[in-house]
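Residue numbers (numbering that gives the first Met the number 0), protein chains in the order written: chain L, 0 to 172; chain C, 0 to 172; chain A, 0 to 172; chain Z, 0 to 172; chain G, 0 to 172; chain D, 0 to 172.
Don't read these hints as lab results, they were simulated from the structure. Mixed in with the good hints, there may be bad ones.
Given that identical chains are not distinguished, each listed pair holds provided it fits within a single copy or across any two copies.
[Unchecked claim] Straight-line distance between alpha carbons at most 25 Å, and here's what the computed PhoX-like set of lysine-lysine pairs gives:
hint	residue 1	residue 2
1	Lys148	Lys13
2	Lys152	Lys113
3	Lys42	Lys109
4	Lys139	Lys113
5	Lys64	Lys113
6	Lys152	Lys64
7	Lys139	Lys78
Predicted, not measured: the structure shown is a model, and the values here were computed from it.
There are 6 protein chains.
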Amino acid sequence: MRGMIVGRFQPFHKGHLSAVKYMLSEVDDLIVIIAASQQSHQKDNPFTAGERYDMIRHSLVDELKDITRVIIVPANDVKDNGLWVAHITRLVPKFDVVYTNNPLTEYLFKQAGKEVINTPFYERKEYSANHIRELMISGKKNWRQLIPKAVAKIIDEIDGVTRIQTVSSSDKS
Amino acid sequence: MRGMIVGRFQPFHKGHLSAVKYMLSEVDDLIVIIAASQQSHQKDNPFTAGERYDMIRHSLVDELKDITRVIIVPANDVKDNGLWVAHITRLVPKFDVVYTNNPLTEYLFKQAGKEVINTPFYERKEYSANHIRELMISGKKNWRQLIPKAVAKIIDEIDGVTRIQTVSSSDKS
Amino acid sequence: MRGMIVGRFQPFHKGHLSAVKYMLSEVDDLIVIIAASQQSHQKDNPFTAGERYDMIRHSLVDELKDITRVIIVPANDVKDNGLWVAHITRLVPKFDVVYTNNPLTEYLFKQAGKEVINTPFYERKEYSANHIRELMISGKKNWRQLIPKAVAKIIDEIDGVTRIQTVSSSDKS
Amino acid sequence: MRGMIVGRFQPFHKGHLSAVKYMLSEVDDLIVIIAASQQSHQKDNPFTAGERYDMIRHSLVDELKDITRVIIVPANDVKDNGLWVAHITRLVPKFDVVYTNNPLTEYLFKQAGKEVINTPFYERKEYSANHIRELMISGKKNWRQLIPKAVAKIIDEIDGVTRIQTVSSSDKS
Amino acid sequence: MRGMIVGRFQPFHKGHLSAVKYMLSEVDDLIVIIAASQQSHQKDNPFTAGERYDMIRHSLVDELKDITRVIIVPANDVKDNGLWVAHITRLVPKFDVVYTNNPLTEYLFKQAGKEVINTPFYERKEYSANHIRELMISGKKNWRQLIPKAVAKIIDEIDGVTRIQTVSSSDKS
Amino acid sequence: MRGMIVGRFQPFHKGHLSAVKYMLSEVDDLIVIIAASQQSHQKDNPFTAGERYDMIRHSLVDELKDITRVIIVPANDVKDNGLWVAHITRLVPKFDVVYTNNPLTEYLFKQAGKEVINTPFYERKEYSANHIRELMISGKKNWRQLIPKAVAKIIDEIDGVTRIQTVSSSDKS
Chain L
0 MRGMIVGRFQ
10 PFHKGHLSAV
20 KYMLSEVDDL
30 IVIIAASQQS
40 HQKDNPFTAG
50 ERYDMIRHSL
60 VDELKDITRV
70 IIVPANDVKD
80 NGLWVAHITR
90 LVPKFDVVYT
100 NNPLTEYLFK
110 QAGKEVINTP
120 FYERKEYSAN
130 HIRELMISGK
140 KNWRQLIPKA
150 VAKIIDEIDG
160 VTRIQTVSSS
170 DKS
Chain C
0 MRGMIVGRFQ
10 PFHKGHLSAV
20 KYMLSEVDDL
30 IVIIAASQQS
40 HQKDNPFTAG
50 ERYDMIRHSL
60 VDELKDITRV
70 IIVPANDVKD
80 NGLWVAHITR
90 LVPKFDVVYT
100 NNPLTEYLFK
110 QAGKEVINTP
120 FYERKEYSAN
130 HIRELMISGK
140 KNWRQLIPKA
150 VAKIIDEIDG
160 VTRIQTVSSS
170 DKS
Chain A
0 MRGMIVGRFQ
10 PFHKGHLSAV
20 KYMLSEVDDL
30 IVIIAASQQS
40 HQKDNPFTAG
50 ERYDMIRHSL
60 VDELKDITRV
70 IIVPANDVKD
80 NGLWVAHITR
90 LVPKFDVVYT
100 NNPLTEYLFK
110 QAGKEVINTP
120 FYERKEYSAN
130 HIRELMISGK
140 KNWRQLIPKA
150 VAKIIDEIDG
160 VTRIQTVSSS
170 DKS
Chain Z
0 MRGMIVGRFQ
10 PFHKGHLSAV
20 KYMLSEVDDL
30 IVIIAASQQS
40 HQKDNPFTAG
50 ERYDMIRHSL
60 VDELKDITRV
70 IIVPANDVKD
80 NGLWVAHITR
90 LVPKFDVVYT
100 NNPLTEYLFK
110 QAGKEVINTP
120 FYERKEYSAN
130 HIRELMISGK
140 KNWRQLIPKA
150 VAKIIDEIDG
160 VTRIQTVSSS
170 DKS
Chain G
0 MRGMIVGRFQ
10 PFHKGHLSAV
20 KYMLSEVDDL
30 IVIIAASQQS
40 HQKDNPFTAG
50 ERYDMIRHSL
60 VDELKDITRV
70 IIVPANDVKD
80 NGLWVAHITR
90 LVPKFDVVYT
100 NNPLTEYLFK
110 QAGKEVINTP
120 FYERKEYSAN
130 HIRELMISGK
140 KNWRQLIPKA
150 VAKIIDEIDG
160 VTRIQTVSSS
170 DKS
Chain D
0 MRGMIVGRFQ
10 PFHKGHLSAV
20 KYMLSEVDDL
30 IVIIAASQQS
40 HQKDNPFTAG
50 ERYDMIRHSL
60 VDELKDITRV
70 IIVPANDVKD
80 NGLWVAHITR
90 LVPKFDVVYT
100 NNPLTEYLFK
110 QAGKEVINTP
120 FYERKEYSAN
130 HIRELMISGK
140 KNWRQLIPKA
150 VAKIIDEIDG
160 VTRIQTVSSS
170 DKS
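Extracted from the complex, chain L is given alone in its bound form (with noise of 0.2 Å):
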């Protein structure tokens, strides 16, 4: 059974990590899309869809060693919910189930006919990207004990806190 969870990983965090590895105990293979693949240097989507995938990827590697079941697509947006779930499904592998606590999400896959499990299981309010965001851009550094160490190493190596400090001064001015 193959499975999927859509997210945009701005940036990926431990409450992600632990998502996609209780995932990866339920399915054969378990997709991971990259939504919103096109966006970047913004405020809310501070990270390209190349690091967004490093992040995943090193993340897993380390948690795991071999990735294989492991399937990573970026998927850019379209603008028209009505048209998001055909856009989805030609882009990715086949999958049997969607993994989502997005409400609109779930319609829309339900309403094409798939199976929709919720994901109860991480605390979203400490694990939230926004909030780490939130804490890279006021100069705070606890934003690094809720991400795995293989997102932090990515995020120093761009100088991720001075892009996202930049880019959210030029949305206030």
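Position chains C, A, Z, G and D relative to chain L; hints supplied.
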């Protein structure tokens, strides 16, 4: 060191497979870009990005078991050659060297300061996706021996021969 | 003489209906443009163009039986206001007069040399699509009395209340 | 029961007209999709969507007087065949059966679970829009007898012969 | 040496003018990019690219007579910040240095290896296009003293005050 | 009076140059539109909009010294001929007369109420950008005498011959 190869893989054939295996002997990781990801159900692009992802994935798993070192990324076309390198660069993880025999691809990546290596090792004529599609359209059987077993199995599952024959007859009329 | 009216009709309500009937008393034919045809499954745009087409069509058939004089045309948005009049003009049959209360629509069509008539006859406050959507989201029942019966029937068939509640909860989270 | 037919109608001719009349004898309502609505002033697509809407509309009014059962919808192309059925489905009211002789259209709608009926009743050769355009370009007069009177009147009003000759000479040079 | 400055110039004001004159004292040629060229008739983007081109052009001709050293280029937006530098680079003649006070513009061009110079010489508060638009919307007259005479003349010719008031009232309603 | 001329200028040649000089003798200002600004690195469109801008600019500066009367504007294509005049009109400053020998351009601008003048003065055959590109591709030298010196210098600087040969060999393979 990380290499990158770009192709439409319509379909992924034995020439592609031996090229990928050769490159994996030279680099640490290999990015395989599925170009024209938005195209399908056309005479020259019969298969969806998702189907092509599975063709590549299953062929490599059959050969290698662990495909952790292979990074598959579907990429939609941009019409504008002047933006193409920038488009690919932000969509995929960082890479050091590009494998290509296409003069324009070589030209554009060299202009952007990337190392480019030609890949003179697989016979163009026999292992040509165009030739394989022509065989499928004309109803001959010998396309099967030109592609990995996993690819033939996927084409059978989706009844790809009927699809490509349908598509190409619509193009003509 | 041919008139034209533009709206998103999310949903088509009794105010729209009386406006259309009034205009049909003034012109030979009336073009009804379903604007933002590519939008659906959003808090402000819950219904597809096809659903809105049926809402308008069934409401008018219930009233008029023969709707030969009504020309319904879904039109996708163009972001670029400077192209909007040209976009509409080539998409719909020729028209002589535009009915609108929107200052920008009036401005753009007047600039293009079209006659524009304001439509001061239906009460904005009560018969407002925005108000109707808010009632549906908050779970109240009285939205039904603000729309034609045919529209309520379509909304029930597609379980539109669940859809708009789902969509608006996703927008918040 | 509701049927659907798709065409570019460049221009709408007598073959189209008899097909539509035949379908109206079989279904309750008929959706007529004007494909490639964004194309005009090209050799193969000389007429705007609005002009084509009027051609269809006036031809049917001349025949039927009341065209309440006919639902005309202009639809822009999507390049991506994998999204086409989803694009049409949300743009038009619900339908039960698709009339088409195009193998790809048949394939795509069957894959989406729709019933498809072939329409073997009007002679392709004589009543071909391509043939009619060639006659107009070459300056011959006999295109008039291949199209309904209402269509010829519209083409005269917009001086369509000059337009198609102009467009096709620009394509060549 | 060739410099470049990017702005939306909605409208071109005296602050812009003195900045351009200062830069022309430092470089051989100056590229002036009219950003968001596809936007007009919006509250924040009232003027078309063509109108803004004329505003810049006439203001500089009034000052300099010969504007051979000024290279004006309208550029449409790309939503995707990761492509923006590549988009600008192929659209305009080669340049050596970018003048900007926008942190994101500075960040992106520096990443691409361009020299960036901050322009700390014109008072942001008074000579702000946003402030000028607000004055025009509220019906005050003193916006005239903040813009070059040539710009005021163009705004009068196109009745720009009516336009921006119309547009901003439509945005509100 | 302001004139306008549209071309792709791939590359700008002596025929273009004499046409521009002739027009400048007839009008106060001349708008030169660089069409298909988004295309480059293709067999028929080898040069970027920025390179073409410099070709035109340097050729005219060499001839005229002061090019204040010349208004160069890169314009991206719109696929949709029905929107083309509206697209150009809002992108460039106002103009009174269009110089063109292209029947479709003439048709569209005349429909929009613009005066159109044919430009029968430069020999099409010899000074043809297509012919010049063919000479460059085939490795002959005599393309140099067909273009202004400034253009040849730019083509040498960017090694344009290698580029067009590369691009055209990729198109073939």
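Next on the checklist: To test your reading of the hints: which numbers does this structure violate?
Outcome noted: 4, 5, 7
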